[in-house]
Amino acid sequence: MAYDEVLAERIRGAISGVEGVQEMAMFGGLGFLVGGHMAVAAAGKGWLMARVDPAETDSLITRPGVEPFEMRGRGLTGWLLVAEDALDDEADLREWVDRGVAYVATLPPKPRKAKKG
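Residues in the sequence shown are numbered from 1 upward in steps of one, following full-length UniProt numbering.
By construction, these hints were calculated from the structure, which means they are not laboratory data. Beta carbons: idealized from backbone N, C-alpha and C, even for Gly. Warning: the hint list may mix true and false statements.
Said to hold, decoys possible - Label-pair restraints from in silico Cβ distances: (1) Pro111 - Gly65: 29 to 37 Å; (2) Pro54 - Asp92: 19 to 27 Å; (3) Ala55 - Ala2: 15 to 23 Å; (4) Ala25 - Arg72: 25 to 33 Å; (5) Gly73 - Gly17: 31 to 39 Å.
Could you put together the complete structure from these sequences and hints?
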């Protein structure tokens, strides 16, 4: 499934003030990484994937339009999907982008992979 390009552009606007953001294709979407860690991603059908504090996962999935992210049938703690209708205004989108950026800022930077040559 292709990612939502309109959502990707909205995320670019919301994350534009963050230093060192990289974009990378991942999970069938377009991930926005900070310090080598995915903070948020534009997924298909307008869904946003957000990386959040694992301790907040259970409380956040009670919000309308928020679901746990599953990979191979397993829910991943600290990874959420936010539906398009829960991202109607820029303040809602910015909240999720800010959550993702804040959480990955607590993680140690990932080392850069050596280029094969």
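We went through each hint and held it up to the structure:
| no. | hint | in the structure |
| --- | --- | --- |
| 1 | Pro111 - Gly65: 29 to 37 Å | holds, 36 Å |
| 2 | Pro54 - Asp92: 19 to 27 Å | holds, 22 Å |
| 3 | Ala55 - Ala2: 15 to 23 Å | violated, 33 Å |
| 4 | Ala25 - Arg72: 25 to 33 Å | violated, 19 Å |
| 5 | Gly73 - Gly17: 31 to 39 Å | holds, 37 Å |
Consistency with the previously given hints fails for numbers 3 and 4, ordered from lowest to highest.
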